[in-house]
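Undergrad: Given only the sequences and the hints, what does the whole structure look like? Please build it.
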Amino acid sequence: APENSFRKLQNAAACPSAPYGEMFKLEVPSLMVGTLDSLMNLSDDLGKTDSIIESIVRKVEKSSMELAGKKATKLTVGGVPSTRYIQQFAWDYAKYPNRRPLKELVSLISSGVSAIDEELKQLSNSYGDKQAALQDAKRKKGGNLTTVDLNDVLEEKVVKNLKIFDTEYLKTVFVAVSKNQVEVFENEIYVLGGELVGYGGPDWSGMPHGLGQPQNFGSQVDRHQKKGSPVVPGSLEKVMEDNDSV
427 APENSFRKLQ NAAACPSAPY GEMFKLEVPS LMVGTLDSLM NLSDDLGKTD SIIESIVRKV
487 EKSSMELAGK KATKLTVGGV PSTRYIQQFA WDYAKYPNRR PLKELVSLIS SGVSAIDEEL
547 KQLSNSYGDK QAALQDAKRK KGGNLTTVDL NDVLEEKVVK NLKIFDTEYL KTVFVAVSKN
607 QVEVFENEIY VLGGELVGYG GPDWSGMPHG LGQPQNFGSQ VDRHQKKGSP VVPGSLEKVM
667 EDNDSV
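Going from the sequence shown to our numbering is simple: count from 1 and add 426.
Just so you know, these hints were derived from the structure itself, not from any lab.
Honestly, I wouldn't trust all of these hints.
Claimed, not checked - Result set (DSS-like, lysine-lysine): computed pairs, CA atoms no more than 25 angstroms apart in a straight line: (1) 583 x 605; (2) 586 x 597; (3) 586 x 664.
TA: Written out as C-alpha coordinates, the structure is:
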(Lines of atoms letter the chains of each structure in order from A and count residues from 1; the text may use other names and numbers.)
(Lines give C-alpha, C1' and ligand atoms only; values in the text may rest on other atoms or scores of the structure.)
Protein backbone atom coordinates (compact mmCIF):
# COMPACT_ATOMS: atom_id res chain seq x y z
CA ALA A 1 0.00 0.00 0.00
CA PRO A 2 1.20 3.58 -0.63
CA GLU A 3 1.09 4.37 3.08
CA ASN A 4 3.34 1.42 3.94
CA SER A 5 5.78 2.31 1.16
CA PHE A 6 5.98 5.88 2.43
CA ARG A 7 6.66 4.72 5.99
CA LYS A 8 9.45 2.44 4.83
CA LEU A 9 11.11 5.19 2.79
CA GLN A 10 10.71 7.65 5.63
CA ASN A 11 12.29 5.27 8.12
CA ALA A 12 15.14 4.47 5.74
CA ALA A 13 15.93 8.13 5.06
CA ALA A 14 15.71 9.09 8.72
CA CYS A 15 18.06 6.34 9.90
CA PRO A 16 19.97 7.69 12.94
CA SER A 17 23.24 6.21 11.71
CA ALA A 18 22.90 7.77 8.24
CA PRO A 19 20.21 10.48 8.10
CA TYR A 20 19.86 11.13 4.38
CA GLY A 21 16.93 13.51 4.63
CA GLU A 22 13.30 14.06 5.53
CA MET A 23 10.23 12.96 3.61
CA PHE A 24 6.86 14.64 3.39
CA LYS A 25 3.64 13.70 1.68
CA LEU A 26 2.41 15.75 -1.25
CA GLU A 27 -1.32 15.31 -0.99
CA VAL A 28 -2.98 15.60 -4.41
CA PRO A 29 -6.74 14.93 -4.68
CA SER A 30 -8.36 12.67 -7.24
CA LEU A 31 -8.74 14.69 -10.43
CA MET A 32 -10.96 14.30 -13.46
CA VAL A 33 -8.62 12.89 -16.07
CA GLY A 34 -11.08 12.69 -18.96
CA THR A 35 -10.23 10.86 -22.16
CA LEU A 36 -6.78 9.67 -23.11
CA ASP A 37 -6.68 12.08 -26.06
CA SER A 38 -7.49 15.09 -23.88
CA LEU A 39 -4.84 13.98 -21.38
CA MET A 40 -2.21 13.62 -24.12
CA ASN A 41 -3.05 17.06 -25.53
CA LEU A 42 -2.91 18.57 -22.07
CA SER A 43 0.48 17.00 -21.36
CA ASP A 44 1.92 18.87 -24.35
CA ASP A 45 0.64 22.19 -22.98
CA LEU A 46 1.75 21.55 -19.41
CA GLY A 47 5.43 21.89 -20.31
CA LYS A 48 4.84 25.37 -21.76
CA THR A 49 2.61 26.38 -18.85
CA ASP A 50 5.21 25.20 -16.35
CA SER A 51 7.95 27.26 -18.06
CA ILE A 52 5.78 30.39 -18.12
CA ILE A 53 4.83 30.07 -14.45
CA GLU A 54 8.43 29.47 -13.39
CA SER A 55 9.63 32.50 -15.37
CA ILE A 56 7.04 34.69 -13.61
CA VAL A 57 8.08 33.34 -10.21
CA ARG A 58 11.72 34.10 -11.05
CA LYS A 59 10.71 37.59 -12.15
CA VAL A 60 8.99 38.19 -8.80
CA GLU A 61 12.08 36.91 -7.00
CA LYS A 62 14.39 39.12 -9.07
CA SER A 63 12.26 42.21 -8.50
CA SER A 64 12.24 41.56 -4.77
CA MET A 65 16.03 41.24 -4.68
CA GLU A 66 16.55 44.40 -6.73
CA LEU A 67 14.18 46.49 -4.62
CA ALA A 68 15.23 45.25 -1.20
CA GLY A 69 18.96 44.95 -1.92
CA LYS A 70 20.92 43.86 1.13
CA LYS A 71 17.76 44.01 3.25
CA ALA A 72 16.07 41.36 1.10
CA THR A 73 14.36 38.52 2.94
CA LYS A 74 13.26 35.15 1.64
CA LEU A 75 9.96 35.21 -0.21
CA THR A 76 6.97 33.51 1.33
CA VAL A 77 3.76 31.96 0.03
CA GLY A 78 0.87 33.59 1.82
CA GLY A 79 3.19 34.39 4.72
CA VAL A 80 4.51 30.83 4.91
CA PRO A 81 8.17 30.09 4.03
CA SER A 82 8.39 28.32 0.67
CA THR A 83 10.06 25.21 2.11
CA ARG A 84 7.38 24.75 4.77
CA TYR A 85 4.65 25.50 2.21
CA ILE A 86 5.82 22.58 0.07
CA GLN A 87 6.26 20.31 3.08
CA GLN A 88 2.73 21.09 4.30
CA PHE A 89 1.12 21.52 0.90
CA ALA A 90 -2.68 21.31 0.89
CA TRP A 91 -4.91 21.50 -2.17
CA ASP A 92 -7.11 24.60 -2.29
CA TYR A 93 -10.48 23.04 -3.08
CA ALA A 94 -12.30 26.38 -2.96
CA LYS A 95 -10.12 27.97 -5.63
CA TYR A 96 -9.45 24.83 -7.68
CA PRO A 97 -12.37 22.35 -7.34
CA ASN A 98 -11.07 18.87 -8.04
CA ARG A 99 -14.28 17.90 -9.82
CA ARG A 100 -13.54 20.27 -12.68
CA PRO A 101 -11.73 19.02 -15.81
CA LEU A 102 -7.95 19.13 -15.73
CA LYS A 103 -7.79 21.57 -18.63
CA GLU A 104 -9.99 24.01 -16.74
CA LEU A 105 -7.86 23.71 -13.61
CA VAL A 106 -4.70 24.42 -15.61
CA SER A 107 -6.41 27.46 -17.12
CA LEU A 108 -7.38 28.73 -13.65
CA ILE A 109 -3.81 28.38 -12.41
CA SER A 110 -2.39 30.08 -15.52
CA SER A 111 -4.82 33.00 -15.33
CA GLY A 112 -4.03 33.50 -11.65
CA VAL A 113 -0.29 33.65 -12.32
CA SER A 114 -0.83 35.97 -15.32
CA ALA A 115 -2.77 38.34 -13.06
CA ILE A 116 0.18 38.38 -10.65
CA ASP A 117 2.52 39.12 -13.56
CA GLU A 118 0.35 42.03 -14.72
CA GLU A 119 0.17 43.43 -11.19
CA LEU A 120 3.96 43.18 -10.92
CA LYS A 121 4.34 45.16 -14.16
CA GLN A 122 2.02 47.89 -12.91
CA LEU A 123 3.81 48.09 -9.56
CA SER A 124 7.20 48.20 -11.30
CA ASN A 125 6.06 51.03 -13.57
CA SER A 126 4.60 52.92 -10.63
CA TYR A 127 7.81 52.43 -8.64
CA GLY A 128 9.89 53.63 -11.60
CA ASP A 129 7.76 56.77 -11.93
CA LYS A 130 8.06 57.51 -8.22
CA GLN A 131 11.83 56.96 -8.31
CA ALA A 132 12.13 59.39 -11.22
CA ALA A 133 10.01 61.95 -9.37
CA LEU A 134 12.14 61.51 -6.25
CA GLN A 135 15.38 62.01 -8.18
CA ASP A 136 13.92 65.08 -9.85
CA ALA A 137 12.90 66.48 -6.47
CA LYS A 138 16.38 65.84 -5.06
CA ARG A 139 17.93 67.51 -8.08
CA LYS A 140 15.70 70.55 -7.68
CA LYS A 141 16.42 70.78 -3.98
CA GLY A 142 20.13 70.05 -4.05
CA GLY A 143 21.21 71.54 -7.39
CA ASN A 144 22.39 75.12 -7.85
CA LEU A 145 20.28 77.78 -9.55
CA THR A 146 21.87 77.17 -12.96
CA THR A 147 20.64 73.55 -13.06
CA VAL A 148 17.18 73.73 -11.50
CA ASP A 149 13.92 75.00 -12.97
CA LEU A 150 13.62 78.58 -11.71
CA ASN A 151 9.84 78.23 -11.68
CA ASP A 152 10.27 75.79 -8.78
CA VAL A 153 12.56 77.96 -6.65
CA LEU A 154 11.01 81.38 -7.28
CA GLU A 155 8.24 80.90 -4.76
CA GLU A 156 5.77 83.58 -3.75
CA LYS A 157 7.71 84.51 -0.62
CA VAL A 158 10.79 85.16 -2.79
CA VAL A 159 9.16 87.40 -5.40
CA LYS A 160 6.41 89.09 -3.38
CA ASN A 161 8.50 92.27 -2.83
CA LEU A 162 9.76 92.47 -6.43
CA LYS A 163 8.32 94.76 -9.05
CA ILE A 164 7.69 92.40 -11.96
CA PHE A 165 6.70 93.68 -15.41
CA ASP A 166 4.83 91.63 -17.98
CA THR A 167 3.53 94.05 -20.61
CA GLU A 168 3.86 94.51 -24.34
CA TYR A 169 6.83 96.82 -23.81
CA LEU A 170 8.48 95.57 -20.64
CA LYS A 171 9.06 92.05 -19.33
CA THR A 172 10.96 90.96 -16.25
CA VAL A 173 13.41 88.12 -16.91
CA PHE A 174 15.03 85.95 -14.21
CA VAL A 175 18.55 84.70 -14.98
CA ALA A 176 20.84 82.35 -13.01
CA VAL A 177 24.59 82.92 -13.28
CA SER A 178 27.53 81.05 -11.78
CA LYS A 179 29.31 83.10 -9.13
CA ASN A 180 32.56 83.01 -11.06
CA GLN A 181 30.76 84.69 -13.99
CA VAL A 182 28.89 87.38 -12.04
CA GLU A 183 31.40 90.17 -12.77
CA VAL A 184 31.41 89.47 -16.51
CA PHE A 185 27.62 89.28 -16.54
CA GLU A 186 27.19 92.59 -14.72
CA ASN A 187 29.65 94.34 -17.08
CA GLU A 188 28.00 93.07 -20.24
CA ILE A 189 24.30 92.82 -19.42
CA TYR A 190 23.44 96.40 -20.47
CA VAL A 191 25.05 96.04 -23.90
CA LEU A 192 23.47 92.67 -24.56
CA GLY A 193 21.75 92.70 -27.95
CA GLY A 194 22.96 96.22 -28.74
CA GLU A 195 21.53 96.12 -32.28
CA LEU A 196 18.09 94.82 -31.36
CA VAL A 197 16.15 97.87 -30.24
CA GLY A 198 15.60 101.14 -32.10
CA TYR A 199 15.18 104.44 -30.29
CA GLY A 200 14.39 108.01 -31.21
CA GLY A 201 11.93 109.85 -33.44
CA PRO A 202 11.71 112.98 -35.57
CA ASP A 203 14.47 115.54 -35.23
CA TRP A 204 12.38 118.35 -33.75
CA SER A 205 15.29 120.81 -33.90
CA GLY A 206 15.12 120.79 -37.69
CA MET A 207 11.36 121.32 -37.92
CA PRO A 208 10.10 123.02 -34.76
CA HIS A 209 6.90 124.05 -36.59
CA GLY A 210 5.83 120.38 -36.80
CA LEU A 211 6.31 119.66 -33.10
CA GLY A 212 3.40 117.61 -31.87
CA GLN A 213 1.66 117.29 -35.24
CA PRO A 214 -0.16 113.98 -35.89
CA GLN A 215 1.86 113.15 -39.04
CA ASN A 216 4.98 112.95 -36.94
CA PHE A 217 3.78 109.85 -35.08
CA GLY A 218 3.05 106.23 -35.90
CA SER A 219 4.54 104.19 -38.71
CA GLN A 220 5.63 107.28 -40.67
CA VAL A 221 8.23 108.11 -38.04
CA ASP A 222 11.71 106.59 -38.18
CA ARG A 223 12.37 105.44 -34.67
CA HIS A 224 15.53 103.52 -35.54
CA GLN A 225 18.00 106.34 -35.78
CA LYS A 226 19.71 104.92 -32.71
CA LYS A 227 20.24 101.30 -31.69
CA GLY A 228 20.60 99.85 -28.23
CA SER A 229 20.14 96.93 -25.89
CA PRO A 230 16.63 95.92 -24.82
CA VAL A 231 17.84 95.67 -21.21
CA VAL A 232 16.61 98.63 -19.17
CA PRO A 233 19.58 100.50 -17.63
CA GLY A 234 19.80 100.07 -13.87
CA SER A 235 17.24 97.27 -13.80
CA LEU A 236 19.61 94.50 -12.64
CA GLU A 237 18.63 93.17 -9.21
CA LYS A 238 19.79 90.16 -7.19
CA VAL A 239 16.86 88.04 -6.06
CA MET A 240 18.53 85.05 -4.39
CA GLU A 241 21.75 83.04 -4.31
CA ASP A 242 23.24 79.73 -3.21
CA ASN A 243 26.80 78.50 -2.74
CA ASP A 244 27.55 78.30 -6.45
CA SER A 245 25.25 80.69 -8.27
CA VAL A 246 23.26 83.93 -8.13
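Undergrad: If any of the earlier hints don't hold here, list their numbers in rising order.
TA: Checked against the structure, no hint fails, so every one of them is satisfied.
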